[in-house]
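Listed here are the chains, written in short residue letters.
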Amino acid sequence: MADTAARTDPKQIERVIIRFAGDSGDGMQLVGDQFTSASALLGNDLVTLPEYPAEIRAPAGTLAGVSAFQIHISDHDITTPGDAPNVLVAMNPAALRAELGRLEPHGTVIVNVDTFEERNLAKAGYESNPLTDGALKGYTVFEVPMTSLTRQACEPLGVKPRDAERSKNFFALGLVSFMYTRPEAPTIEWIKAKFASKEKVRDANLAAFHAGHAFGETAELFDHVYEVAPAEQHPGEYTNINGNTALAWGLIAASRLARMPLFLGSYPITPASDILHELAKQKHFGIRTLQAEDEIAGIGAALGAAYGGHLAVTTTSGPGVALKAETIGLAISLELPLLIIDIQRGGPSTGLPTKTEQADLLLAMYGHHGESPLPILAPYSPAHCFDTAIEAARIALEYRTPVMLLSDGYLANGAEPWLIPDVDTLPDIAIEFATAPNHTDADGNPAFWPYQRDPETLARPLALPGTPGLEHRIGGLEKDEAGHVSYVPEVHEQMVHVRAAKIAGIARDIPPVVIRGDAEDAEILVVGWGSTWGAISGGVDRVRALGHRVAQVHLTHLNPFPANLGDVLRAQRRILVPEMNLGQLARLLRAEYLVDARSVTKVKGLPFTAGELEVAILGALDD
Amino acid sequence: MTETTVPVTTRKDWSSDQEVRWCPGCGDYSILAAVQFLMPELDVRREDVVFVSGIGCAARFPYYMNTYGMHSIHGRAAAIATGLAMARPELKVFVVGGDGDMLSIGGNHLIHVLRRNIDVTVLMFNNQIYGLTKGQYSPTSEVGKVTKSSPYGSIETPFNPISVALGAEATFVARTHDMDRQHMMEVFRRAYEHRGAAFVEIYQNCNVFNDGAFEPLTGKANRDDMIIPLVHGQPIRFGADQEKGVAMGTDGRLRIVDVAKAGADNILVHDEQHDRGLGFMLSRLAKGPHEPTPIGVFRAVQYPEYGEEVGRQIATAQERNGPGDLAALLRSGATWRVD
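Protein chains in written order, with the numbering used here: chain S, 1 to 623; chain X, 1 to 339.
Derived by calculation from the structure, the hints in this document are not laboratory data. No false leads were slipped in.
Pair ranges (Cβ atoms, derived):
1) Leu157/S / Asp339/X: 40 to 46 angstroms
2) Ala33/X / Ala563/S: 52 to 58 angstroms
3) Gly144/X / Pro268/S: 37 to 43 angstroms
Since we're looking at a predicted model, the values are computed, not measured. Idealized CB from N, CA, C, for every residue including glycine.
Pulled out of the complex, with its shape left as it was, chain X reads as follows (with noise of 0.2 angstroms):
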């Protein structure tokens, strides 16, 4: 007989037994609590659940998650978790990582897992720093950022994970940050019910090597006026009165308004199943975590998502030539017989 329900759990089931060694104050505790208590809500047996990451501080995830989990290398994680989603469409997979994990050494293959609309969720913390190693400048980091690496400031343009993922035809693209559980845990939500790839951009503070990089968006006080909250049909608005807004202007450029001063019918509505390029505007609007910001889902959309096409294909060719027969492959070219 099979179970049809999935048993009720709370965090603690969903929590390995292993100790948790992130730095004290990291914000990687937050998120870990976040995906904990999400878990429990979610329709899922820990059975079917498996986290896969590569390496680095947030690499680390898998140990303290009671599932199946892979803690594999520098930048793979993604190429490992599309095989296992090919080989066994019916789990849940999580890929989890850094920003240098995905966007360097592993830049080839996250563009490739959202391209191609794999059914994972990608958890990526981005730090704007390499931890693990200690401190060195990452793909993220910010132009003149002093590191170990970068004496003399870092000469890099930094990545624009959002864009990046939008511009890999990613069909669900969503950030949030590490101090907001809440907007964390619906953001996790929505991402793993997506079908396909879900790519999901969390802002994390490194207390260690890059303390307050987003201090100024995340910063209790600096939230309202520095944090815009994309709701899929509302206005986006934001600040303590929601007093501002997005709008755009006859150049086609998106602006920060006063909503009083351009007029509430002239804030533009957010629409995540926009497919000709909101989402990447929005994703541009500001040119680092010092800016205005928006938070939330910048785009979801369904496209065919690329396990349920194999198996499609599968089935396509078994009813053309029938479940394969060994003995008549070997025999599939030109035969004869020697009495």
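So that you can see chain S by itself, here it is in the shape it has in the complex (with noise of 0.2 angstroms):
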């Protein structure tokens, strides 16, 4: 059988973006994650946005309704989702009047003609119908019966025409799949296997997908089909990956590389439950997960957790944290391990959780009470998200640290190709637990001291309970070297100093910044954290084209800064950091370094656009 079949030779194309869009019970998520997989096997990189409703099932056919999944693939290296969708796939009038402006102009619209009658129209806030009254015009508009023909396709299944309906997701998957010349075998595996218990459902899929194939063969709406070439990728083993589950499995190598086992306390919310599930299912490592009673409790179990010796990990997303914050500031006096894990989304309060946001940062670096610096990380893509959580683990052990990483909406749902690492080549971050006396006491005795530390890292020693020998107690109160509570003025002011030494020293163990674009007489310097690489990078490459000379940094750790980043900001003529918030990094560095950094802010719930970058780039040129 063959893969693909067109009647005339495809049209090659680098690269189009495209977006699928409906109601959010119509499944576009799904076929948008299929269509991912078969284009990443294909070998094409790829960056995927998907954007969907806070509410579960808003009423049908509504603007607050629409679901949406973008792809970008290409045949060369991409970073981005891309700008402006080349083709939208409308399921009904309300996808297609909330998406449309997205489009870029003259832009290919799919839509299901069978959901453009009267009560859809008017649900979705059309007074006449879109298809007809010349709304359309400049674009280029295919109008296909997907309900219908999805019903007809299912009827000798002995569907009921109702269930054949829901299908009709897979309908649209057989269709685009065929005009970008998508495999279909992977897909047929990939809808037998998800659908294996309901044999029912998994025919009726089938039927709708091989129909959405065959229209386009046999319709002849299309002159040609297009392939997207695979592109020049290293050599090795791929995988598609997005960064929720990137942070799970670099998690799960953690806990191996530290050879402890690994704990999760968690509570659900949203963008964040996704590492819950995965590490949950993934029992077989020896991972305890525990779903807690709240954001509290989760990150109380986990600091339970690491003072019994595991790699303890919470999760959650920025209200979490609000909550959490006593608990970090425990984790800080204990001076225990702790990863706390951040997907980020709109705020304040419930905002827009389903949205992407990186407004966080100062939570994370202020947001406890008294002097409480913590390490702060952000990975940068989706598949960063697993080295991340390995460096992220390392300084935490190394440091007995509490530390922040913060990740957001945008990365943990997103995917990317992921060249596989050799697990072999990952580094050792296992550390020593103390199984001795570490101090004579004034009597000749040997005694365990649970704050006497490293003179080069200040890192205390751990004695894991069931260590004989070594009994102590540690809390929240201040103490002193030897671990007794002590309010002795001096020796508050001297640990608070020392807990902050520690943190700061943790520069000296971290890569320095790297300079990509133009390392020497660049005109500006544009410094960016976490899930804005990808828009930045594209934004800087588009300047650099127009012959401008463009330096970039990307920073993974904020707190502390990388040793040389002073030397390299103070070096430069202006300083651009684009940042999905008010200007949160900018602040930081503004005050640490006393440099011009001017922001660059987005608050819409959505990434940056290489092309706001680009704008944005040549604006700050001109000052």
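Mind assembling these two chains? They're in different frames, but the hints should get you there.
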């Protein structure tokens, strides 16, 4: 069986951006994911942007209920889900109305024409039918009766028409797969496996997928199909991965590398819950997961497990970090290793729970009581979540400190191809626990002093419960080196300084920043952190292509900053800091280094596009 | 070579070198003594015992035990102990705190540690007052309680801690008081030996902010008539001559009766394994420590313990999938090669 069948020779294109949009019950995320997998298997480079409403099922057919999945596939290295889609698949009038504005001028619209009847048009707020009133002038529009064709395809299977209609997303998938010459076999295999336990649903989905594909072949709507060739990639084995899965796997890897069992205490919250789901599934790695009664118990249990010698993690989003703040203070005081993972979303309060933002940097930095510094790290891409989880664990264990890892909704759900690392090349991050006394008391007896530090790292010794002879008490009260409660003013001041120095000293143990682009004599330096990396890189490349000299620095370590950052910044003529907040990193850079870092901000719940940053950089060059 | 027998110890071995800093005359001293006297009798090593506490007077407890210990933050000891007990099921984990710590700020964690049946021993010192913050009413203070924060009297219905624990599905629930070391030691021993979450309420006198709250029960002269000892399998009787008892009326209510009048055969026989609410009814017998009040074990039943269940799931997953293979995990999705 041939995977693809085209009447005319496929037209080669470098890249295409497709946006699937429909009702939140229409299964757009599902088909988007599968289109992604098929493209990944084909060897395209790709970046995805799933967007869905906060409501599980907003009223069907309304603008509020529109769920979309954007995928950018390319035959070369790309870093963003793309600026404007080239193709919009709209399953109903609401999807068309909500999404049309994003489409590129003269873009292609594929609509499920069956849904364009009076009631649905009214629900979407259309006074007349956009398919007939000229609203789509200038676009290439394909009207496909997806619902009725799906129903027909399923009829011989004995599937009830109402049930059959549910498979129309697979019709759309089949059609778009045909248009872009995606191989059919992996999708067919995937449908068979995914719906193995529900025979009728499986067969209906297969029938719909085939029907969509066949419709493309026979309907003669399309002059030709498109082919996006595989991207040139480093040799090796690849898989397609989203940020939350990469993070979960990174934590599992870290537990292996530390030779400590993994413990997760977590309370469900969007968009972090998938990490809990993934780790709960991988029990054979000896992982213990607790779905706690609240956010506070999530971190509390993790802290208890850390005390017991597990690699302990709590996962959450911004509002959860606020609830965990007191326990973070305790972890800082106890000096126990702990990972706090914040998958940032739009805030404050419930804000935009399914949308992305990076406005928790100052919360991570300052959102606890007392003088309480902790290391902060942020991955820059979905796959980088894997490495960052390991790095966060390394720092937490080595320095006996809670570490905050800031991912966001865009990284969490966005996917990219990932060159699978050779596990034997990953770093060893195991630490030694105390097994013997480290002090002699005034009476000449051996004693264990839990806060007698390593002179170099300032890390304290960790004696696990169960270790004979090292019984000791720790607590949130201020203590002296011996671990005894102390209210002596000088002791408190000294401990505050030592805790700060310990965290600041990590700067010696992290890589220096590396300048991408024009390291010498740049007109401007663009500094970013977190998920904006793709868009910033795209924007920088475009401005450089126009002949400007642009330098780029992207920070993974946000506290402490890399040791050479100050020198790098002070050598620049202009500094521009794009962030999905109102300038939080810019504020930290200004405070720390007294440099004129300018902000460019976006807080719409959506990532920057490379185009927006191209404009912002060019604008800054005029200053 | 591993040692199999636990070394012989005395109270002194279990006492830390820290000076005990509760107010002179505080009931906490006698609870600490009962625990320190009991530990040498238990088949356990010091290094395998962990006391976890929150905040409050009672929460200073771990500092005085020569074991592992953590003095954490207000209300969260049960949550922290949950993680520790899950991570290290071989440890013996105690959770120590007061009524404010466990029933107010930490109420949520208390009910969930009990519901999950985590293998911890919870010792709740109930003095019906906030001591460390110097005398505000607590969630167990009686209606009308005049304190600094309730100058016109508390208008809040107090929690009945035994009822709360039973309502939270606790598998071991008991009450004791600070004036009876033998009873405390016996109840603590039972709680310690219980597999799963054990909850013990200890009536504890705060001689500074709520002196004499339990005097009507625990005063030497009052005990016979006011304390109703619960003994599994025995008729529930009390009084100097065991002349009073608890009986169930035809209306389904428990009443205190004169044994001679009601007939010895009609006295309720205590059954701590009763799973249909007897413990709960007994917990409602007294409206407060001014009426005859049951002490002892209200409920002791065996249900699957959480940590064991976690271990069982891990073992099953490993039988099915083998021990985790990281390289295989990274390839568990669709993969492709680029040459």
